[in-house]
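Whenever a hint applies, use it, and build me the whole structure from the sequences.
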Amino acid sequence: MDGFKYQGGGPMLAFIFHRLTALGILFFVGMHIVVSFTSQQTGAEWAEWLNTVYKSPWFQVFIAFCVLFHAINGLRIALLDFFPGFQKFQREAIWVEWAIVLPMFLLAAFLIIQVSLTGS
Amino acid sequence: MNFEYLMWLFTRLSGIALILLAIAAMAWAFIMGARTQADLPAILRWMFFPNPNHVLSSDIPEIDQVWANLFWTTMQILMIVFAGTHAWNGLRMILEDYVSSPKGQTGMRVIIFLLWLVSLAVSITLILTSY
Numbered sequence: 001m002d003g004f005k006y007q008g009g010g011p012m013l014a015f016i017f018h019r020l021t022a023l024g025i026l027f028f029v030g031m032h033i034v035v036s037f038t039s040q041q042t043g044a045e046w047a048e049w050l051n052t053v054y055k056s057p058w059f060q061v062f063i064a065f066c067v068l069f070h071a072i073n074g075l076r077i078a079l080l081d082f083f084p085g086f087q088k089f090q091r092e093a094i095w096v097e098w099a100i101v102l103p104m105f106l107l108a109a110f111l112i113i114q115v116s117l118t119g120s
Numbered sequence: 001m002n003f004e005y006l007m008w009l010f011t012r013l014s015g016i017a018l019i020l021l022a023i024a025a026m027a028w029a030f031i032m033g034a035r036t037q038a039d040l041p042a043i044l045r046w047m048f049f050p051n052p053n054h055v056l057s058s059d060i061p062e063i064d065q066v067w068a069n070l071f072w073t074t075m076q077i078l079m080i081v082f083a084g085t086h087a088w089n090g091l092r093m094i095l096e097d098y099v100s101s102p103k104g105q106t107g108m109r110v111i112i113f114l115l116w117l118v119s120l121a122v123s124i125t126l127i128l129t130s131y
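If you're matching them up, the sequences are chains A and B in order. First residue of the first sequence? That's 1 in our numbering, and the numbers climb one at a time after it. First residue of the second sequence? That's 1 in our numbering, and the numbers climb one at a time after it.
FYI, nobody ran anything at the bench for these hints, they're computed from the structure. Fair warning: there could be bad hints in the mix.
Claimed, not checked - Quick list of in silico lysine to any residue cross-link-like pairs, SDA-like style, CA-CA up to 25 Å:
1) LYS55(A) / MET47(B)
2) LYS55(A) / PRO52(B)
3) LYS55(A) / MET31(A)
4) LYS88(A) / ILE100(A)
5) LYS55(A) / MET26(B)
6) LYS55(A) / GLY43(A)
7) LYS88(A) / LEU9(B)
Structure below.
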């Protein structure tokens with residue numbers, strides 16, 4: 001799908017993922033704070049229910065991807081912006097970035113699912 | 001040297017700082033015995049917010065007293081201020097691409113500024129009162 005169109009390719013895909021993972025982190029951290037506060041103060045039922053949502057392994061896998069991708073992609077953006085001489089290697093940098101993100105994410109996802117299946 | 005340039009710079013510097021803060025917190029967790037006395041979720045909670053209200057399940061003895069000093073208070077406040085400002089400003093930048101009317105943009109910016117102010121005030125209060 002050529003990085004979901006507009007200018008296309010790896011940079012566009014990284015741009016879209018950076019925004020979506022940012023919203024994912026904001027959603028999780030915001031919910032985490034509200035839920036922790038509410039369940040600590042009132043013990044409300046909806047707060048306990050939301051607790052089970054973000055304790056589920058699928059949500060944890062999603063958040064692991066969001067944090068890892070956002071951190072490594074953000075590091076690429078910051079480094080290339082501070083050293084603009086390397087901007088012409090942006091596509092190569094994005095390949096390197098995926099080569100770092102994917103193994104880290106797959107290891108994290110494996111550990112999360114393993115713990116949820118075996119309980120240890 | 002306008003506001004947008006400063007936030008552009010802040011986003012990059014705070015992003016790098018957050019990665020370094022998380023790595024430093026993880027390293028300290030291992031130095032303090034997390035390898036045998038804390039599980040993976042506890043270490044992750046420690047990385048992103050080392051506070052006794054957040055890391056509940058570690059077996060490291062008297063951890064809230066260990067954290068009750070200027071170093072860890074500063075670490076926590078830096079993390080919250082960098083992450084909070086980075087996040088609310090990032091949300092503003094995303095929403096600016098979708099809210100087109102000038103009135104809507106002003107209202108959106110006011111709401112995000114207030115949310116930023118309240119969330120940082122609450123977080124810093126929580127940090128300073130948790131010992």
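Hints, verified against the model:
1. LYS55(A) / MET47(B): holds, 18 Å
2. LYS55(A) / PRO52(B): holds, 20 Å
3. LYS55(A) / MET31(A): holds, 12 Å
4. LYS88(A) / ILE100(A): holds, 20 Å
5. LYS55(A) / MET26(B): Holds, because 22 Å separates the two Cα atoms, which is no more than 25 Å.
6. LYS55(A) / GLY43(A): Answer holds: LYS55(A) to GLY43(A) is near 17 Å, not above 25 Å.
7. LYS88(A) / LEU9(B): holds, 21 Å
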